[in-house]
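Colleague: Each chain, written out:
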Amino acid sequence: MKTFEGYRRPNGSIGVRNHVIVINTVGELASFTKKMAQLVPGVIPVVHQSGEAQFKEDYEQTIRTLKGTAGHPNVSGALFLGMGEDKLAKEIEELLKDENHHIHVVYFNKDKPITEVLKEGKEWLEKAMERSKAETKVTADVTELIIGLECGGSDAWSGVTANPAIGACSDSIVRDGGTSILAETTEAIGAEHILAQRAVNPEVGKKLLRVVKEYENRIRATGEDIRSANPTPGNMAGGLTTLEEKSLGCIKKGGNSTLMEVIEYAKTPSEKGFIFMDTPGYDVESVAGLAAGGAQIVLFSTGKGSPTGSPIVPVIKIGTNQRLYEIMSEHIDVNAGKIIEGLNTIEEIGEEIYGKVMTTANGSITASEKHKNQEFAIWRLAETK
Amino acid sequence: MEMKYNALKLNVNDNVAVALTNIKAGEMLSIQGVDEKLKVEDAIAYGHKVATAYIGHEEKVIKYGECMGMSTAEIHPGHHVHVFNVRGLNEEERLSSLKEHAVSI
Numbered sequence: 171m172k173t174f175e176g177y178r179r180p181n182g183s184i185g186v187r188n189h190v191i192v193i194n195t196v197g198e199l200a201s202f203t204k205k206m207a208q209l210v211p212g213v214i215p216v217v218h219q220s221g222e223a224q225f226k227e228d229y230e231q232t233i234r235t236l237k238g239t240a241g242h243p244n245v246s247g248a249l250f251l252g253m254g255e256d257k258l259a260k261e262i263e264e265l266l267k268d269e270n271h272h273i274h275v276v277y278f279n280k281d282k283p284i285t286e287v288l289k290e291g292k293e294w295l296e297k298a299m300e301r302s303k304a305e306t307k308v309t310a311d312v313t314e315l316i317i318g319l320e321c322g323g324s325d326a327w328s329g330v331t332a333n334p335a336i337g338a339c340s341d342s343i344v345r346d347g348g349t350s351i352l353a354e355t356t357e358a359i360g361a362e363h364i365l366a367q368r369a370v371n372p373e374v375g376k377k378l379l380r381v382v383k384e385y386e387n388r389i390r391a392t393g394e395d396i397r398s399a400n401p402t403p404g405n406m407a408g409g410l411t412t413l414e415e416k417s418l419g420c421i422k423k424g425g426n427s428t429l430m431e432v433i434e435y436a437k438t439p440s441e442k443g444f445i446f447m448d449t450p451g452y453d454v455e456s457v458a459g460l461a462a463g464g465a466q467i468v469l470f471s472t473g474k475g476s477p478t479g480s481p482i483v484p485v486i487k488i489g490t491n492q493r494l495y496e497i498m499s500e501h502i503d504v505n506a507g508k509i510i511e512g513l514n515t516i517e518e519i520g521e522e523i524y525g526k527v528m529t530t531a532n533g534s535i536t537a538s539e540k541h542k543n544q545e546f547a548i549w550r551l552a553e554t555k
Numbered sequence: 025m026e027m028k029y030n031a032l033k034l035n036v037n038d039n040v041a042v043a044l045t046n047i048k049a050g051e052m053l054s055i056q057g058v059d060e061k062l063k064v065e066d067a068i069a070y071g072h073k074v075a076t077a078y079i080g081h082e083e084k085v086i087k088y089g090e091c092m093g094m095s096t097a098e099i100h101p102g103h104h105v106h107v108f109n110v111r112g113l114n115e116e117e118r119l120s121s122l123k124e125h126a127v128s129i
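From first to last, the protein sequence lines stand for chains A and B. The C-terminal residue of the first sequence carries number 555 in this note's numbering, and the numbering is unbroken. The C-terminal residue of the second sequence carries number 129 in this note's numbering, and the numbering is unbroken.
Isolated chain B, as found in the complex (with noise of 0.2 angstroms):
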């Protein structure tokens, strides 16, 4: 059977995809279950992500529906995101997040 897409996002709220093969520049992204297509911008290898929505500086990098990280610069749609421009939660983020569901170590 011919592939019918080449990114796969793990939820539906995420704001980043997950290559399912090597995409070049240029390319068009097509996402399973997802209509819109998106051109991407950066080269992106299988296995990397590509952001699918406009996410700030300092904003929430959301795969598998949970926050996996911040974004440490503006990521435009389509733009390969990754260590260059996403970091770690610190521990004041992970405590604060946990204070929110009233657990608190």
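Just chain A, with the same shape it has in the complex (with noise of 0.2 angstroms):
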């Protein structure tokens, strides 16, 4: 069995980092998040632009996406912004608290100057942060990872290097115990019939089929339609002929495991193995669902060399060629254009993508992590109020 050294949290969770955060609730708050954070050196501000004004899905979804963040294994401590009469700050602050996880809301409000608001919040973090640094790693198995799929700046070689290949590497986790959670439920769209066949019973398959139909319908009230628009005429140019075949392209990063359980956008997994988690496009927003749900780690694989990483959890990147790996090495920290230079075989790169998965588990950094990539949006599903 695969270990690796991680922090046990209050809730039973396992993390592979020990951040400290602060994170607003409402996006009026974003410029004073980055400002908190620049007051202590080693805290991470997660910073986004949703939370007022929104209806109650919208609403809903980010109280989950916040909790799901604040209250993930990655974070020791977490101190949100909040303002005036903070409803959302409220809401969350009482769920974490009783989860007994470690976090403390500041507000600002009209009663009390911006000094002493930041001067509140600086001395809680300066205590997370020595609290932090006082916590111990303890031996955990690959049982307990939860690893999330993405890719994001496809080109024409994702569907044949390291989609597959991170396809390989699901496999082998979800094998030794462990769980992965697919997103993008756009890029399902064509494939959806495949992926519900491989469900465990006919509910998460009908489940899968109902989310994949929502999403289409919400695109196309826009006036879009998915179908009849792809493959694009760039994608044919690369080869790709149908639909079909471009989505199979996208979910082979799930491999060929057996589907368990179908999740909304940010929520956590009940069941162990392959899991679909519904997501947009957008590889933002959905890495931020990922890590939302208790995803400790994400692969995302990428021709174009898309630069997203996140503030909580480690981002492997997964170049899908080696020209992009000769250019951007020092972003990428797996090169599965190998197999197209006849390298390695598919079976061989999803080794080393697992390989990496574990080092990583044991806090080697990534290279999104070292250069600091922490992107992090909320998925909108509404206009706002």
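Any given hint could turn out to be false.
Just the calculated beta-carbon pair ranges, DEER-fashion [unchecked claim]:
hint	chain 1	residue 1	chain 2	residue 2	range
1	A	Ser499	B	Lys28	48 to 54 angstroms
2	A	Asn532	B	Ala97	39 to 45 angstroms
3	A	Asn532	B	Lys123	45 to 51 angstroms
Stretch-level coverage of chain B by chain A, calculated; a stretch enters the list once three of its residues show a Cβ under 8 angstroms from a Cβ in chain A [as the list claims (entries may be wrong)]:
hint	region
4	73-84
5	87-97
Read the hints as simulated data drawn from the structure, not as lab findings. By construction, the Cβ of each residue, glycine as well, lies at the ideal position given by its N, Cα and C atoms.
Quick one: dock chain against chain with the hints and give me the complex.
Modeller: Structure below.
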């Protein structure tokens, strides 16, 4: 059994990082969140533009994402910035304190000078940093790992090299008792019937078909039709013939394992094994959803070198081609382009990725962490009020 | 290291292989992990597909071990497989593939 050294949290989860973060509940406080983080070395800002004036489904999604982020196993302590009579902040604080997470909220309001708010936050963050440094690691095994599967900036090789190699890694993790979550509902359109056939039971298969249909309907409401627009002329020039083929190239990041569960954006799986999460095609929102759902590490394939990272989760970049690796080697963790060069098989690169997952779980820094790529955005379904 | 092959099969059950480099008509196709060689009949650009088995009219084209479409003409081994001889599944075909697995919308 593959093991790693991680941080055991009060709710039983295991983290592969020990971050102290500061996070805003409403977009109005985005800049103050960055300022607050700069006051204490080592603190990571988690900045977004959501939270205010949202309709019910988005309000719930925002709460779920912020709660999942601040209560993430990779997070040792989280400071929230709230504003005035911030219902969102109060609700999240209560939910997280119930689960014994180390969190605190400071409120900006008309009765308090900003300097005082910053001072209160700084003091709490300093103590949280000290506290995190005193925390020690314990041994855990791969059955406690949740790995997110993502792609961004795909090219003609994505479906030939990096994605099938990620699929081979995902199958190995699932075989060893771990969990992998495939994301990006847009990319399943056209191959959802194939994914549904891999479902553990008809209910899971039906749920997969339902989330894909709902996603497609939302896109259609904007006047776009994914099915008739794909594959694009550019895709066809690159060799892709049908929408099924294009979508298969994406969903094969999930390998060939049985689909155990289909979950909403930012929700934590209740099953182990291969899972599907309903997320948008926008990689920043999708990675944030995977992380909020409890993924400790994200595997991310790219043909064009998308730099997307995460403030709380190590993102492992798998490049699809040799040229990208030569030009952007400092941004790529695994070069799946070796498959094209005839140097390695898909299975061998899958093993290399799995090896990288374990060293990353043990604390080794990924390219996106080294460059402090800390993108974060919450998927928004509707307009604001 | 010298390249030992010029095409890749994503799954052993596939009836197409993906060209890893531009292959000229008349050249031999060498697929990673497969001993037999096959003569390529059309020019195949990298990333494009070449048939590795005979595919009759209205038969499944298999990539990743899955049905990626139906042939719209007979396709002989060594020939280019693309939009002029393959189409995507229609709604009825997609639904019937689900019924076989007791999953329906």
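Colleague: Take the hints in turn and mark each one as holding or not.
Modeller: Hints, one by one, checked against the model:
In this structure the supplied range 48 to 54 angstroms is violated for A/Ser499 paired with B/Lys28, their Cβ-Cβ distance being about 25 angstroms. Checked against the hint of 39 to 45 angstroms, the pair A/Asn532 and B/Ala97 fails, with Cβ atoms roughly 54 angstroms apart. Checked against the hint of 45 to 51 angstroms, the C-beta distance between A/Asn532 and B/Lys123 comes to roughly 47 angstroms, which is consistent with it. Counting residues of the region 73-84 of chain B whose CB lies closer than 8 angstroms to any CB of chain A gives 1, so the stated coverage by that chain is violated, three being the minimum.
For the region 87-97 of chain B, the assignment as covered by chain A holds, since 7 residues bring a beta-carbon within under 8 angstroms of that chain's beta-carbons and 3 suffice.
When held up to the earlier numbered hints, the structure conflicts with 1, 2, 4 and fits the remainder.
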